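J.: Those protein sequence lines, which keep their order, are chains S and A. Our numbering puts the last residue of the first sequence at 249; the count rises by one with no breaks. Our numbering puts the last residue of the second sequence at 410; the count rises by one with no breaks.
Because the hints were derived from the structure by calculation, they are not lab data. All values derive from a computational prediction rather than experimental measurement. By construction, the Cβ of each residue, glycine as well, lies at the ideal position given by its N, Cα and C atoms. Hints should not be assumed to be uniformly reliable.
Stated by the list, open to error - With a Cα cut of at most 27 Å, we get these calculated BS3-like pairs of lysine-lysine: (1) K167/A with K190/S; (2) K191/S with K167/A; (3) K190/S with K159/A; (4) K165/S with K159/A; (5) K167/A with K165/S; (6) K191/S with K159/A; (7) K167/A with K187/S; (8) K207/S with K190/S; (9) K169/S with K187/S.
Said to hold, decoys possible - A few chain A positions that, by computed beta-carbon distances, are all more than 12 Å from chain S: (10) K9; (11) E85; (12) I86; (13) A88; (14) R89; (15) A93; (16) K159; (17) D175; (18) I180; (19) F185; (20) G189; (21) L213; (22) D218; (23) V249.
What the hints assert, rightly or not - To be clear about the criterion: a stretch of chain S counts as covered by chain A if any three or more of its residues have a C-beta under 8 Å from a C-beta of chain A, and this derived list gives those stretches: (24) 55 to 66; (25) 93 to 107; (26) 171 to 179.
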Amino acid sequence: MRTVCMLLIVALSLPGFAFADPDPRQIIRDTVDHWRGQSSYTEMTMVIHRPDWERSMTMRGWTKGEDQSLVRVVAPQKDRGNATLTDGNNMWSFSPKVNRVIKIPSSLMAQSWMGSDFSNKDIVKNDDIIDQYDHTLLSSELVDGQIVYTIQSVPHDDAPVVWGKEVLKIRQDYVLLEQGFYDQDGKLVKKLETLEIADMGGRPTSKRQRMSEVEKADEWTEIQLEVVRYDIDISDSMFTLSNLRNPRD
Amino acid sequence: MKTLAILGKLAWRNLWRNRRRTFIMLAAVAIGIWAMIFMTALTQGMVNEMVKDGVSALPGYVQVHQPDYLDDPNINNLIPTPDSEIAARFGSAGLVQWASRIKVPAVLSSERETRGVTLLGIDPGQEHGMTFIHEDNIDGRFLADAADDGIVIGRNLAKTLDTGVGKRVVIMSQDLANNIADRGFRVIGLFGADMQSYEDTYVFVGKSTLQRLLDVGDRVTEIAVMGDDYRNVGPLVDKVKALTGDNVVVQPWTELDPYLGTMLKVMDGFVLVWVIVIFLALSFGLVNTLVMAVFERVREIGLMLALGMKPMSILGQILIESMLLLLFGMLIGNGLAWLSINPLQAGIDISFVGQGMEMFGASSVLIPQLRLQDVLLANGVVLLLGFLASLSPAWRASRYQPIEAITKVD
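Just chain S, same shape as in the assembly (with noise of 0.2 Å):
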């Protein structure tokens, strides 16, 4: 009912707002692709910052489809050849320094990726917001020039999700501006923020983002993209845990 409100009042806000209302699911699924690509590769760098430390990683990501992504880290150089492979729900990790793959086991998926603010299940489940969840349009509004949607998300019962609900922001060019995360109190725990957009492999991009716990103000990690390249041609071989061991790019 307040949805519907919300939505009533947007609608009689915004006198220029004239057609139908898209489907909400679609502008998610939308965005998924848009930033996935059917396949892609991107050269980033990850801040990962503390009270009294910073650090920064810099590394090679290669995705294809909606399951499969392998992510090497390139620098530093004490860090350098430890990669994550994804397939489906399944993760692995691989370490040179101990020249073992680990599959990450259901224990560890809370637990942080690489030391950031995404956790393992962050990196393994981004396109599970598609079906588990139920979406609504809250509003759409005009953000220089450009039509920005707010979406709430709230997940299903039996989805195996913490949050209360998710409310995303989206451009009408399939950025994703800010993703909020709320407990069942509806309070905000954590949220991702685009902080830059830019044109990057001939579409716009969230170029940098940031993940940060609203209750810990002074903790953050940012991903930066330097180089990414959508739809171009990876080979399966690619993820597989025999590459995860020995890379072969």
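Following the hints, complete the assembly by docking chain A onto the known chain S.
T.: Same frame as chain S, now just chain A:
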């Protein structure tokens, strides 16, 4: 017979010649007996609570597992027999109570925290009254049936996870193919337990809900069977073995929780040691009293010997005196013990040291347990050892030379 009557009379009169000394000795015996029985009852009460708590956490007196499950409580180590078959066999075996369940390690997360837990998929109808869950100690409600969609977690765990009744949490575990099995559950109830560690460790979901999540079909990891007497589980083990076959292990609680099993044995031994230690202290008083009594009456004993009383009668007379003393003391002591234990049957609240007690697995209410065999043990030990201790002064008295004894000057 007549001699015995006379000796009894003599002993009885002798006993009351020095009233003060006799009363002091009676008091010593009574307090000794009381201490033996009371402390034993407290100890037994504590052990009883520990065993009951331990058995309710296992639960059951006897459990059945797949052999590898004991080393690795993994969902892959399932009992080979399907659950429906188990139900058919166990249901008609005339057992006190039994339950088949799935017990696997899992991770429980809320928005803020993540904790490792032991996830139990149960059929609440089977387990009613068997586990440490008391229906009147639940906020919200307990699982309604095996297909219930909710989850019941401990009160303290809920506090740690910052969640509560009506909120959703996520369970993560592994399915048969070693893939991650995860699912959201709505918390429908919070249980309270005597032990905080149970509240932190165990979470309950419906058995068939969990079977579906872990993709195990109609299989379980554990069968728990209750019996009548936790001290005698051998027959129950044999009975369950006959029901299950060879490809599983059947273990009594003493093996499942060796700490608890050993504790029971140690406590039984401790009771005997305790009784003997008290008796040793007591025996010094007893022997001393008798030696004094004999020493005072050297001339009298000499006279009796001179008049023709047999040395054996002297011995008997002193022994009877000692036994009378002990019997009266025991009577009073047992009475005292009963009087002091009976009002405590509601339990002694020792929650002010509850956390310390919890460390070795005891709960914070202590109900003294008076067992007939412990009472008999205490009384038997006192009577037997008392008899032996009195032998020496009595023997000495019976060996006096009448002339020497009569003419002895103090």
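J.: Check whether the Cα positions of K191/S and K159/A lie no farther apart than 27 Å.
T.: holds (24 Å)
J.: Minimum Cβ separation between F185/A and chain S greater than 12 Å?
T.: violated (7 Å)
J.: Taken at face value, is the distance from the CA of K165/S to the CA of K167/A at most 27 Å?
T.: holds (12 Å)
J.: Compare the distance between the alpha carbons of K169/S and K187/S with 27 Å, and conclude whether the hinted pair is satisfied.
T.: holds (17 Å)
J.: Is the Cβ of D218/A farther than 12 Å from every Cβ of chain S?
T.: holds (21 Å)
J.: Keeping to a limit of 27 Å between CA atoms, is the pair of K165/S and K159/A held or broken?
T.: holds (21 Å)
J.: May I ask you to check that E85/A keeps its beta-carbon over 12 Å from the closest beta-carbon of chain S?
T.: holds (29 Å)
J.: Has the given pair, K191/S with K167/A, been kept, meaning a C-alpha gap of at most 27 Å?
T.: holds (21 Å)
J.: The output says A93/A does not contact chain S. Does that hold with a beta carbon cutoff of 12 Å?
T.: Nearest chain S Cβ is 36 Å from A93/A, so the label holds.
J.: Verify this label for me: D175/A is non-interface relative to chain S, using a Cβ-Cβ cutoff of 12 Å.
T.: Violated, because the least Cβ-Cβ distance between D175/A and chain S comes to about 9 Å, which does not exceed 12 Å.
J.: Examine each Cβ of chain S, and state whether all of them lie more than 12 Å from the Cβ of I180/A.
T.: I180/A not clear of chain S: closest Cβ-Cβ about 4 Å, inside 12 Å.
J.: Can we confirm that no CB of chain S comes within 12 Å of the CB of I86/A?
T.: The claim stands: I86/A keeps its Cβ more than 12 Å from every Cβ of chain S (closest is about 27 Å).
This entry does not satisfy hints 17, 18, 19, 21, 24, 26, going by the numbered hints stated previously.
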